[in-house]
Amino acid sequence: MPPYTIIYFPVQGCCEAMRMLLADQGQSWKEEVVTMETWMKEINLVAATQSRVFCYSSLS
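Residue numbers are given in the UniProt record's numbering: position 37 of the sequence shown equals residue 37, and the series is strictly consecutive.
Keep in mind the hints are simulated off the structure, nothing from the lab.
What you were told as hints is all true, and nothing was included just to trick you.
Now the in silico label distances, taken between C-beta atoms and shown as ranges:
id, residue 1, residue 2, range
1, ASN44, MET20, 29 to 39 Å
2, ASP24, ASN44, 31 to 41 Å
3, THR5, GLU37, 16 to 26 Å
4, ASN44, ALA23, 26 to 36 Å
5, THR35, MET1, 16 to 26 Å
6, TYR4, THR38, 19 to 29 Å
7, ILE6, GLU37, 13 to 23 Å
The beta carbon of each residue, even a glycine, is placed where N, CA and C say it ideally should be.
Could you build the full structure based on these sequences and the hints that come with them?
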């Protein structure tokens with residue numbers, strides 16, 4: 001199993017820079033395209049199972 005997974009919406013050019021960086025470093029990756037329908041199902045699942053979502057950024 002590749003150590004990296006790129007998950008993205010089916011938009012032209014999406015994640016191309018990430019692919020180039022991984023290829024440049026000789027890394028392998030797996031790609032997973034997410035449709036809006038799938039995204040909405042996952043968001044509803046998370047909302048139903050978690051009352052809070054915390055985001056942390058060290059760039060504050």
